[in-house]
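Undergrad: Kindly generate the complete structure, drawing on both the sequences and the hints.
In order, the protein sequences belong to chains A and B. The first sequence lines up with residues 39 to 740 when you count with this note's numbering. The second sequence lines up with residues 39 to 740 when you count with this note's numbering.
Just so you know, these hints were derived from the structure itself, not from any lab. Be careful, since some hints might not be right.
The list cannot tell twin chains apart, which means a pair is met if one copy fits it or any two copies do.
[Claimed, not checked] 27 Å max Cα-Cα, derived DSS-like pairs, lysine-lysine:
no.	residue 1	residue 2
1	Lys-540	Lys-513
2	Lys-638	Lys-540
3	Lys-638	Lys-655
4	Lys-540	Lys-570
5	Lys-103	Lys-570
6	Lys-412	Lys-539
7	Lys-63	Lys-79
8	Lys-79	Lys-103
Owing to the predicted nature of the structure, the values given are computational and were not obtained by experimental measurement.
Here are the chains, one letter per residue:
Number of protein chains: 2
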Amino acid sequence: MEVKNTIQSGNIPTPALAIQAERAKATFDPELMNHFLEGSKEKSDEIKQMIQQMERDPILQVSSKVYDMTKAEHRLETARKIARLALYIELENFSSFENRMSLVSLMDPQLHTRIGVHLGLFLGCIRGNGTSEQMYYWVLNKEAAYVKQIYGCFAMTELAHGSNVAGLETTATYDVENEQFVINTPHIGATKWWIGGAAHSATHTTVYARLIVKGKDYGVKTFVVPLRDSNHNLNPGVVVGDIGAKMGRDGIDNGWIQFSNVRIPRYNMLQKYCKVSADGEVTEPPNNQLSYSALLGGRVVMVKDSFRWSAKVVTIAIRYAIARRQFKASKAGENDGENQIMNYPLHQRRLIPLLATAYAFSNGANVLDQLSKKTMDSLDHAVSQDDKAGIDKGIEEMKSLFVASGSLKSTCTWSTLNTIEQCRQACGGHGYSSYSGFGKTYNDWAVQCTWEGDNNILGMSIGKQLVKNISGVIKDGNKATGILDFLNNTKQYLNNEIVLKKDQLESLEQVLKAVEVALIRTANQALADLDKNGEDWDYIGARLVELSKMLAHFFMLKSFLEKFNTLEEGPMKLVLKQLAQLYSSSVILEGFSGIFLTFKVLDSDTVSYLSSEYIQKLCADLRPHVIPLTDAFNLSDMIINSSLGNYDGNVYENFFKIVKDRNPAPGSYTAPYEEEFRAHLNRPSLEDRQRNEINEDNEELV
Amino acid sequence: MEVKNTIQSGNIPTPALAIQAERAKATFDPELMNHFLEGSKEKSDEIKQMIQQMERDPILQVSSKVYDMTKAEHRLETARKIARLALYIELENFSSFENRMSLVSLMDPQLHTRIGVHLGLFLGCIRGNGTSEQMYYWVLNKEAAYVKQIYGCFAMTELAHGSNVAGLETTATYDVENEQFVINTPHIGATKWWIGGAAHSATHTTVYARLIVKGKDYGVKTFVVPLRDSNHNLNPGVVVGDIGAKMGRDGIDNGWIQFSNVRIPRYNMLQKYCKVSADGEVTEPPNNQLSYSALLGGRVVMVKDSFRWSAKVVTIAIRYAIARRQFKASKAGENDGENQIMNYPLHQRRLIPLLATAYAFSNGANVLDQLSKKTMDSLDHAVSQDDKAGIDKGIEEMKSLFVASGSLKSTCTWSTLNTIEQCRQACGGHGYSSYSGFGKTYNDWAVQCTWEGDNNILGMSIGKQLVKNISGVIKDGNKATGILDFLNNTKQYLNNEIVLKKDQLESLEQVLKAVEVALIRTANQALADLDKNGEDWDYIGARLVELSKMLAHFFMLKSFLEKFNTLEEGPMKLVLKQLAQLYSSSVILEGFSGIFLTFKVLDSDTVSYLSSEYIQKLCADLRPHVIPLTDAFNLSDMIINSSLGNYDGNVYENFFKIVKDRNPAPGSYTAPYEEEFRAHLNRPSLEDRQRNEINEDNEELV
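TA: Quick look at the structure:
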């Protein structure tokens with residue numbers, strides 16, 4: 039403990055000693071565990087160096103200051119950070135910059151999104167939908183890749199249309215005489231809305247608009263439309279407004295855009311797939327699916343984010359739970375002091391499964407990331423070689439990847455939102471202070487559940503794939519592939535046989551099998567409900583979302599198991615096994631116990647044992663490792679940015695210091711309302727203020 | 039639809055027509071339904087008149103402005119509103135003012151809390167713990183009841199102690215020579231923390247401090263300590279600081295306080311129960327429990343709040359779901375347009391159970407409120423008459439009320455937090471706009487889960503009462519009373535008999551019985567686990583919280599059923615029955631399906647039927663009534679204060695108008711960073727900026 043030159047008496051709290059004691063007992067090296075979490079030593083090292091670089095960078099570094107900034111301040115600072123971050127892009131390769139962005143997303147989410155709209159969505163849209171000439175022109179020739187000359191935004195969503203992209207109403211009408219498209223907003227509902235960067239930053243935008251050629255509507259295509267000239271003045275026909283305050287991420291200048299017959303050259307329609315010739319011939323793409331691959335990158339990022347954000351808040355809550363003492367344990371002796379809240383079984387059950395989930399997400403995100411890169415690369419290769427068989431294979435793999443990434447995006451972002459809230463509550467009242475970081479983290483995260491594929495819409499579409507596939511297997515003898523290949527075992531498992539017995543709970547393989555069987559039986563029930571309701575997919579919507587959630591956990595557990603089997607035996611592997619067991623028994627088996635019991639995959643004795651004993655036992659086994667396990671995330675104090683979560687565990691001194699630093703010193707400040715308030719307290723009596731008009735004398739006058 | 043003088047073309051959205059069409063089909067009168075919700079026509083009328091009064095009051099009215107205000111602005115406005123509200127207190131009776139406060143809590147939560155700390159906590163503490171002379175002195179003589187002369191805060195929580203009040207470390211040492219108490223903060227951990235109103239407003243505080251007399255520690259008692267003199271200057275020995283930004287309710291000037299040997303007269307110890315005589319004789323209270331009754335009022339308020347806040351957000355989400363169209367229904371014909379999202383079965387399952395929950399909460403809150411008033415009154419009467427038997431009976435009733443209110447406070451505040459988040463997500467991306475109201479509502483609400491009895495701590499203590507009572511019934515042949523009297527049926531239900539069959543789901547009585555049995559069997563399991571683990575209550579913490587949640591729903595359903603049975607037959611009663619059935623089948627039976635299946639209260643076929651058919655059927659039955667059911671909450675547009683939830687349903691025009699009103703008009707404003715950002719985009723090339731130092735020529739130099 040730090041030596042202080044202030045008078046203190048009584049039982050001075052010593053939280054820092056408590057956290058040191060935990061570290062002293064570590065059975066594994068958190069550094070090595072970090073290699074597991076990041077996927078390799080190389081990535082782990084690079085990430086560490088980047089954190090150090092950004093901690094020292096006076097523009098990019100973050101601090102508790104962010105918790106007191108106004109919207110205007112956030113926007114100004116974020117614009118400056120974009121300029122700074124752009125200088126790093128000019129110097130480092132794509133893979134390194136991607137790792138950097140993953141950290142930026144955690145330490146400064148609004149910066150990540152604001153620059154991400156340009157780099158990920160605007161450029162991603164051009165890359166995904168433009169010809170290679172178009173890509174070369176804007177991305178490299180015009181230097182947009184380096185955040186130079188051009189700053190793009192992404193005008194997809196409209197005020198009246200979000201999830202249903204095919205229903206967008208902005209029009210792009212081809213004028214064959216002038217070889218131009220005319221972009222127009224027909225009515226208020228088609229106003230482009232939520233467009234990040236539009237309000238004050240963007241020079242260009244990719245617009246999703248209905249292609250109309252010679253009176254025919256070809257559906258929604260993408261167009262590059264300049265918004266502002268090089269003096270940053272809005273072009274004629276373009277009106278842009280500020281969308282104002284948001285629940286979080288106020289550093290992004292989201293805007294609305296209305297186009298009034300804005301003309302762009304034919305070249306500005308992105309024509310990788312659908313093409314319009316000079317004289318108005320429209321060539322439709324052979325594989326429409328390919329044009330949606332631009333969405334994939336965002337989903338992968340959100341699964342990676344789910345890991346990092348969960349890791350951050352779990353670290354804060356666990357460090358606080360080690361530092362904080364409250365009440366005596368019910369089994370404590372007469373002279374025992376107050377107990378660390380981490381020692382209470384309920385607190386363990388609240389937090390340690392969330393820790394286990396963060397571990398499961400780390401590996402799952404790595405696997406999804408690699409799978410996505412591999413699939414995209416081989417498909418790109420096949421397309422560039424015009425290799426028909428390769429393209430077909432690539433599309434099949436892409437479909438599987440869409441199922442996996444869709445279920446993971448929705449499930450992991452929901453899970454993380456819950457984790458943030460649970461960790462906040464686990465810090466009691468102090469979690470409500472802005473400086474704890476939870477409020478901003480929650481507000482910044484919340485949008486992940488509704489943007490880039492609303493989680494429920496996404497979940498339904500994934501569940502639908504599952505039911506279609508099981509229907510194919512059962513009715514048409516099809517073979518399911520990719521992430522869904524377990525459906526080929528459908529016939530074997532469509533019975534009421536209990537799959538997972540009490541004595542099999544420890545086996546990750548058996549649990550995985552139980553999840554497969556639960557997925558099969560639930561999907562089969564959904565299929566029956568579908569048939570019964572005349573193929574009404576909407577009717578079984580809730581089940582479809584449930585299936586998607588279970589599928590995501592299936593992917594996570596399966597990936598974990600595969601990775602786990604490659605590890606060397608030792609204390610680290612033992613702890614990882616316990617984490618996987620806890621994740622599978624609490625998050626999966628207990629979390630979906632209604633399903634497991636309904637479809638008789640588990641019996642009620644086993645569920646009772648899970649709730650009464652097994653999960654608590656695993657939590658108790660993991661309890662001694664919680665500090666090394668959170669240290670292993672390697673998140674520096676700057677990234678954690680919380681009054682309650684510093685590495686030193688000295689929570690009270692840290693919290694008090696931030697509160698003092700961020701607010702006027704006692705005695706130095708009078709609130710602007712104090713004088714007025716004092717006058718109010720000292721106001722004349724009611725009778726005086728009523729000029730004594732309501733009194734007995736007056737009554738006599740009536 | 040309003041006639042507009044602007045050019046619009048295409049399929050202009052007409053959301054206002056959609057909501058009108060729903061109202062035209064109402065089968066019951068929303069006004070009469072409001073009497074059910076408020077408990078009586080009289081209260082309903084009073085509430086309506088108060089809303090009108092506050093809508094017109096230029097100081098008290100709220101608007102979308104609140105979504106853009108800084109912390110400093112919130113604090114200033116809230117202070118002014120307190121002064122305004124105080125003028126109403128001077129004129130109206132307590133019951134009316136209580137109804138007014140219930141509305142203030144909804145429309146302006148920070149105002150409610152900031153004045154509530156004075157009226158509810160400070161004065162409540164004096165009322166609960168002071169003698170009648172003490173109460174007369176501060177509350178009436180010193181006019182604190184009218185927010186005059188004295189403005190109080192409530193210094194309970196310390197930096198290192200919240201939930202464990204008995205462990206607080208501030209000391210109040212009796213100085214027998216001077217007949218004074220010396221209030222002292224021994225170390226940083228004992229700094230009073232989170233104290234609402236301390237930073238700039240309060241003149242006095244009630245302090246929870248350890249009474250030390252002649253070296254002996256008598257535990258935590260309450261003391262009135264002046265903080266500021268009538269010039270609003272801090273008294274010597276008192277240091278107060280601002281606690282800064284919070285997740286929500288920034289209009290409250292929460293502060294920290296350190297006392298350095300501050301002397302107060304003996305009279306300032308609140309001595310209703312524990313007394314200290316001039317020469318230092320300490321008389322301990324006969325019934326310590328009575329001193330905690332001050333907490334009861336807050337719990338009742340939070341249950342009432344749960345109803346009102348749930349009603350508000352459900353109204354927004356449902357009105358939006360009627361206005362919003364997205365996709366075609368899967369069973370739609372070729373020429374059908376986009377479907378209202380309220381028509382999708384999944385959306386119904388997401389929102390209508392939340393609506394049903396708000397209805398259940400309304401009545402439950404009324405019942406709890408009445409029960410609480412009755413119990414307090416008869417206990418107060420018995421105490422004033424020194425009626426020993428009456429006091430004992432009152433204490434028994436109070437215990438039962440503590441169990442009921444504790445389980446309801448924790449369960450309802452959790453439920454409402456979830457409802458807010460679910461309603462936000464149900465509004466898709468637009469729910470993320472500050473002007474939708476969800477962000478602020480969530481942030482303002484979140485604290486309810488951790489303050490005035492952290493929900494988990496509270497839940498555990500309630501579950502413990504349940505287990506202790508069932509143990510008493512089983513082992514000692516005791517008779518359970520009050521809310522727990524169903525435990526007297528324990529023996530009858532401790533078997534594996536299925537209690538609720540598929541064909542009994544529609545019977546509210548049968549469902550209620552099933553909940554009783556589930557509570558009994560779960561409590562019995564908890565008791566077994568407790569015995570197995572050597573009476574370690576902490577070990578079964580998770581089960582205890584589960585029990586508390588189920589108990590709260592039991593109370594709600596039981597109260598609903600009792601009220602329901604008094605209603606006249608008719609269309610309104612029919613809809614209320616469907617709401618109760620939906621609440622019980624989705625929130626209770628499906629929500630706790632793991633429990634119901636594990637303890638064989640339901641069989642798996644029934645749960646499967648619930649999920650696949652029954653709940654969806656109820657949602658479909660209620661679908662036509664959702665607008666009249668939300669209209670019945672009688673919440674005016676000012677109270678709703680959301681871009682998405684106005685009565686007219688004209689969401690797009692309303693949202694656009696707020697965004698335009700609250701932000702600079704297009705063309706009138708240049709962001710402070712635009713020039714800098716433009717310069718960045720137009721920066722020289724990397725080579726130029728690097729003075730061409732990194733090039734091939736240089737390489738040759740090496």
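Undergrad: Now, for every hint given, state plainly whether the structure supports it.
TA: To see whether the hints hold, each was checked on the structure:
1. Lys-540 / Lys-513: neither (34 Å within a copy, 30 Å between copies)
2. Lys-638 / Lys-540: both (13 Å within a copy, 18 Å between copies)
3. Lys-638 / Lys-655: both (24 Å within a copy, 25 Å between copies)
4. Lys-540 / Lys-570: Result: close only across copies, 19 Å inter versus 35 Å intra.
5. Lys-103 / Lys-570: neither (58 Å within a copy, 51 Å between copies)
6. Lys-412 / Lys-539: neither (38 Å within a copy, 52 Å between copies)
7. Lys-63 / Lys-79: within (24 Å within a copy, 66 Å between copies)
8. Lys-79 / Lys-103: neither (33 Å within a copy, 51 Å between copies)
Of the numbered hints stated above, those contradicted by the structure are hints 1, 5, 6 and 8, listed in ascending order.
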